[in-house]
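2 protein chains.
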Amino acid sequence: MRNASPALDPDLIDRFAAIVGARYALTDPAAIAPYLEEKRGLWHGRTALVLRPGSVEEVSRVMRLASETGTPVVPQSGNTGLVGAQVPDASGRAIVLSLSRLNRIREIDTLSNTVTVEAGVILQTLQEAADAADRLFPLSLAAQGSCQLGGNLSSNAGGTGVLAYGNARELCLGVEVVLPTGEVFDDLRKLKKDNTGYDLKNLFVGAEGTLGVITAAVMKLFPKPKGREVAFAGLNSPEAALALFSLAMDSVGTALTAFELIGARPYDFTLRHAAGVTRPLAQDWPWYVLMQVSSGRSAEDARGLIEDVLGAGLERDIVGDAVIAASLAQQEAFWNFREVLPDAQKPEGASIKHDISVPIASIPAFIEEAERAVQGVSPGARVVCFGHMGDGNLHYNISRPENGEDAAFLDLYKPMNKAVHDVVRAFDGSISAEHGIGQLKRDELIATAPPMAIDLMRRVKAAFDPAGVMNPGRVI
Amino acid sequence: MRNASPALDPDLIDRFAAIVGARYALTDPAAIAPYLEEKRGLWHGRTALVLRPGSVEEVSRVMRLASETGTPVVPQSGNTGLVGAQVPDASGRAIVLSLSRLNRIREIDTLSNTVTVEAGVILQTLQEAADAADRLFPLSLAAQGSCQLGGNLSSNAGGTGVLAYGNARELCLGVEVVLPTGEVFDDLRKLKKDNTGYDLKNLFVGAEGTLGVITAAVMKLFPKPKGREVAFAGLNSPEAALALFSLAMDSVGTALTAFELIGARPYDFTLRHAAGVTRPLAQDWPWYVLMQVSSGRSAEDARGLIEDVLGAGLERDIVGDAVIAASLAQQEAFWNFREVLPDAQKPEGASIKHDISVPIASIPAFIEEAERAVQGVSPGARVVCFGHMGDGNLHYNISRPENGEDAAFLDLYKPMNKAVHDVVRAFDGSISAEHGIGQLKRDELIATAPPMAIDLMRRVKAAFDPAGVMNPGRVI
Numbered sequence: 001m002r003n004a005s006p007a008l009d010p011d012l013i014d015r016f017a018a019i020v021g022a023r024y025a026l027t028d029p030a031a032i033a034p035y036l037e038e039k040r041g042l043w044h045g046r047t048a049l050v051l052r053p054g055s056v057e058e059v060s061r062v063m064r065l066a067s068e069t070g071t072p073v074v075p076q077s078g079n080t081g082l083v084g085a086q087v088p089d090a091s092g093r094a095i096v097l098s099l100s101r102l103n104r105i106r107e108i109d110t111l112s113n114t115v116t117v118e119a120g121v122i123l124q125t126l127q128e129a130a131d132a133a134d135r136l137f138p139l140s141l142a143a144q145g146s147c148q149l150g151g152n153l154s155s156n157a158g159g160t161g162v163l164a165y166g167n168a169r170e171l172c173l174g175v176e177v178v179l180p181t182g183e184v185f186d187d188l189r190k191l192k193k194d195n196t197g198y199d200l201k202n203l204f205v206g207a208e209g210t211l212g213v214i215t216a217a218v219m220k221l222f223p224k225p226k227g228r229e230v231a232f233a234g235l236n237s238p239e240a241a242l243a244l245f246s247l248a249m250d251s252v253g254t255a256l257t258a259f260e261l262i263g264a265r266p267y268d269f270t271l272r273h274a275a276g277v278t279r280p281l282a283q284d285w286p287w288y289v290l291m292q293v294s295s296g297r298s299a300e301d302a303r304g305l306i307e308d309v310l311g312a313g314l315e316r317d318i319v320g321d322a323v324i325a326a327s328l329a330q331q332e333a334f335w336n337f338r339e340v341l342p343d344a345q346k347p348e349g350a351s352i353k354h355d356i357s358v359p360i361a362s363i364p365a366f367i368e369e370a371e372r373a374v375q376g377v378s379p380g381a382r383v384v385c386f387g388h389m390g391d392g393n394l395h396y397n398i399s400r401p402e403n404g405e406d407a408a409f410l411d412l413y414k415p416m417n418k419a420v421h422d423v424v425r426a427f428d429g430s431i432s433a434e435h436g437i438g439q440l441k442r443d444e445l446i447a448t449a450p451p452m453a454i455d456l457m458r459r460v461k462a463a464f465d466p467a468g469v470m471n472p473g474r475v476i
Numbered sequence: 001m002r003n004a005s006p007a008l009d010p011d012l013i014d015r016f017a018a019i020v021g022a023r024y025a026l027t028d029p030a031a032i033a034p035y036l037e038e039k040r041g042l043w044h045g046r047t048a049l050v051l052r053p054g055s056v057e058e059v060s061r062v063m064r065l066a067s068e069t070g071t072p073v074v075p076q077s078g079n080t081g082l083v084g085a086q087v088p089d090a091s092g093r094a095i096v097l098s099l100s101r102l103n104r105i106r107e108i109d110t111l112s113n114t115v116t117v118e119a120g121v122i123l124q125t126l127q128e129a130a131d132a133a134d135r136l137f138p139l140s141l142a143a144q145g146s147c148q149l150g151g152n153l154s155s156n157a158g159g160t161g162v163l164a165y166g167n168a169r170e171l172c173l174g175v176e177v178v179l180p181t182g183e184v185f186d187d188l189r190k191l192k193k194d195n196t197g198y199d200l201k202n203l204f205v206g207a208e209g210t211l212g213v214i215t216a217a218v219m220k221l222f223p224k225p226k227g228r229e230v231a232f233a234g235l236n237s238p239e240a241a242l243a244l245f246s247l248a249m250d251s252v253g254t255a256l257t258a259f260e261l262i263g264a265r266p267y268d269f270t271l272r273h274a275a276g277v278t279r280p281l282a283q284d285w286p287w288y289v290l291m292q293v294s295s296g297r298s299a300e301d302a303r304g305l306i307e308d309v310l311g312a313g314l315e316r317d318i319v320g321d322a323v324i325a326a327s328l329a330q331q332e333a334f335w336n337f338r339e340v341l342p343d344a345q346k347p348e349g350a351s352i353k354h355d356i357s358v359p360i361a362s363i364p365a366f367i368e369e370a371e372r373a374v375q376g377v378s379p380g381a382r383v384v385c386f387g388h389m390g391d392g393n394l395h396y397n398i399s400r401p402e403n404g405e406d407a408a409f410l411d412l413y414k415p416m417n418k419a420v421h422d423v424v425r426a427f428d429g430s431i432s433a434e435h436g437i438g439q440l441k442r443d444e445l446i447a448t449a450p451p452m453a454i455d456l457m458r459r460v461k462a463a464f465d466p467a468g469v470m471n472p473g474r475v476i
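The listed protein sequences derive, respectively, from chains A and B. Numbering of the first sequence is given in my numbering, commencing with residue 1 and proceeding in unit increments. Numbering of the second sequence is given in my numbering, commencing with residue 1 and proceeding in unit increments.
Derived from the structure by calculation, the hints contain no laboratory data.
Because identical chains cannot be distinguished in the list, a pair is counted as satisfied if it fits within a single copy or across any two copies.
Result set (DMTMM-like, lysine to aspartate or glutamate): computed pairs, CA atoms no more than 20 Å apart in a straight line:
{"hint": "1", "residue 1": "K414", "residue 2": "E444"}
{"hint": "2", "residue 1": "K418", "residue 2": "E371"}
{"hint": "3", "residue 1": "K224", "residue 2": "D250"}
{"hint": "4", "residue 1": "K224", "residue 2": "D308"}
{"hint": "5", "residue 1": "K226", "residue 2": "E307"}
{"hint": "6", "residue 1": "K226", "residue 2": "D301"}
{"hint": "7", "residue 1": "K226", "residue 2": "D308"}
{"hint": "8", "residue 1": "K226", "residue 2": "D134"}
{"hint": "9", "residue 1": "K226", "residue 2": "D131"}
{"hint": "10", "residue 1": "K224", "residue 2": "D134"}
My request is simple: use the sequences and hints to build the entire structure.
As structure tokens, then:
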């Protein structure tokens with residue numbers, strides 16, 4: 001519940017500040033500002049205090065004091081979340097708990113293939129540390145240069161590596177969590193198999209900081225691929241993309257490490273608006289696929305595999321045209337093309353975005369029905385569809401009609417969401433495949449999820465955070 | 001809490017029986033007997049009533065009545081569990097709820113690579129149905145001819161396929177659960193990505209029927225391997241086995257689909273006692289590895305991979321000797337050798353068993369220290385060590401000294417458990433890697449797990465089953 005109560009009591013601020021030391025207790029509005037702004041600018045929160053603890057012990061003491069005083073705490077790591085889970089509300093009552101100083105990689109175990117890492121470690125730093133140890137840490141997403149592992153786990157981050165390696169949850173073997181009361185739940189184990197009671201770890205992963213503060217985790221590492229090939233293919237339909245995906249899965253299996261679908265519209269927007277981008281294929285197609293194959297054996301092997309898949313696809317008329325990147329630079333250019341898609345949509349005016357998943361087999365039918373639903377809400381609206389097709393996950397974004405007005409289109413935000421999500425639900429899909437619930441989708445989740453699921457989640461929340469201090473108003 | 005209260009009230013029996021029909025409400029002691037006996041004969045439970053509902057609706061009505069009347073319910077599927085979770089206690093107060101009539105495979109979706117299956121489907125039936133649809137369902141374990149999927153999920157079953165494909169939890173995308181109150185939690189989704197709130201699914205998986213009754217699930221399917229090779233290798237030490245595992249992971253990665261460690265003693269016991277078993281290797285070795293490589297490409301490819309691994313192992317003196325199975329029949333003979341190991345131990349007299357896991361890198365040190373601990377409790381006791389080394393999971397069994405007495409050895413059950421599990425805990429391992437807690441390890445779990453973990457589990461139990469009717473006295 002938001003209210004207009006006065007900011008935090010100055011004495012309380014002093015008590016919190018004493019735990020982390022004055023230097024790491026930010027009260028100056030200019031110093032605090034970056035912790036309040038999130039990327040999309042949707043929420044404008046307030047706080048009187050940002051705490052930057054330097055140890056698990058300090059996190060524990062902060063939470064103990066918060067519980068004792070009923071002070072809401074909003075945990076934050078890299079502040080790149082897209083659903084407002086990591087920023088405080090406008091009441092000014094909550095404090096922000098930044099995990100960014102917990103930034104040690106505690107251990108890399110190349111025999112057990114694990115890394116023990118703190119919540120404030122930047123994802124890219126972790127990737128690089130694994131690489132230096134001749135291992136792969138496969139979690140990979142657009143924000144990797146600034147997002148941090150604590151947030152990756154709390155949001156169960158997805159990204160482009162999920163197809164072969166799983167999401168953040170599947171990469172996590174153990175967690176260290178500070179509970180709302182300040183007690184430390186140490187479950188930092190490296191075990192692939194452990195059937196000793198309820199799966200508590202997976203409750204904290206994906207809970208968006210509402211059940212406790214993840215301070216560290218044991219994550220899986222993998223052998224580094226010895227060869228990697230990236231191709232761009234042009235196709236006539238989502239059905240053809242699905243057929244190509246099936247073909248690729250059947251012939252190369254886990255060597256298929258990315259399968260991204262791109263509609264003609266985001267493709268065109270990118271050619272039109274993104275700087276330094278070149279056309280991957282000579283001819284235009286209604287749909288495109290960016291495919292990556294990795295081999296644990298050799299570069300030649302990866303080449304052979306991707307050639308086999310595309311050759312069979314061309315032969316069976318599934319694929320219209322295809323180009324395999326001829327160099328590392330061209331591979332990067334193909335990936336860059338995929339990564340700039342969201343930004344390339346901006347110059348086309350206001351947009352309404354959806355992060356959805358449906359069963360893979362339903363993707364073609366979903367795309368057809370969702371287009372109809374979109375046109376029903378806003379005739380002429382332009383569907384910008386792309387995403388991780390191999391995971392059933394589409395970023396189903398809608399740009400306003402070409403000559404429409406931004407404000408008028410954004411007034412349709414709620415009916416558009418509802419129209420698209422109704423189609424998602426009709427296919428037993430998810431209205432948040434990878435970004436989470438946060439503030440953005442909380443009301444919709446509560447209104448549309450099976451009441452039983454909401455009831456069970458509320459029981460979990462009450463059992464873990466009876467005082468309600470842990471990121472209140474998020475998720476549930 | 002067990003008590004000697006009278007058996008169930010006859011009126012209550014009638015009310016339960018009316019839900020499923022007289023034919024499926026067993027009250028005759030002879031008909032009930034098979035539901036009370038578990039494989040190891042460790043527990044001798046009682047019940048006045050076994051219910052065999054034929055639909056989710058009937059399960060729901062049974063649980064509603066159980067909640068209303070405070071009647072404890074013990075869910076049971078294939079009754080192959082090894083920790084006593086699926087049999088009632090001696091009080092006679094609990095009823096047994098058999099899921100075996102919920103035995104439909106509801107749907108196989110070969111595009112989404114999922115199968116929707118009810119709790120009473122026998123694992124081998126599910127494997128065969130997947131095979132008929134040209135897909136692999138990779139969960140595989142000794143009891144597969146009689147165990148059922150509900151129990152596989154409730155115990156988060158492991159087995160020989162975990163290394164490449166994960167355990168039951170990792171294979172499960174969605175569940176349908178009847179809660180203690182009779183409400184149905186329908187979360188039968190086929191989604192690889194879904195970040196809409198807390199991970200409830202993974203609470204029910206592995207909860208051994210203490211939070212609800214799993215009635216159906218969506219499970220992952222995989223492309224069928226096109227080639228498979230199985231080899232037996234002789235090695236000088238667990239260190240060498242670890243080096244071979246690292247080598248295999250680095251060179252074939254996910255194509256490594258089994259890596260089983262076998263000590264000389266279980267190897268010898270098998271040669272001595274198992275019928276129709278032939279010696280896999282000409283010479284004796286201190287340790288053996290059963291390794292399987294699967295290729296999604298071709299039989300020749302699998303052959304090339306396993307030859308590469310073993311060739312490199314021989315060249316680097318990691319492997320002493322190795323034989324690749326020359327035929328499907330020999331592959332089956334190698335696997336049979338592995339599968340009869342537990343039974344081949346029986347003629348050697350009483351044994352005390354442990355189902356443990358440690359970080360893979362710690363396996364050699366664990367084996368060394370655990371042997372010392374065992375000798376400290378029972379000088380001359382014979383360690384019978386084998387298991388899923390690639391998962392860090394060993395079945396660390398101890399046979400009595402060669403000329404010892406069974407009874408005297410079994411008197412050491414508790415100190416032996418403690419000695420071995422203390423070593424497990426020193427390596428941050430698990431005292432139940434795949435069999436679960438049930439009745440067998442409940443007291444030890446509560447006594448030795450971090451109090452915080454026990455406290456959190458109790459909060460979950462109280463939140464989901466406040467009346468305490470759901471398989472009470474198990475796990476927590």
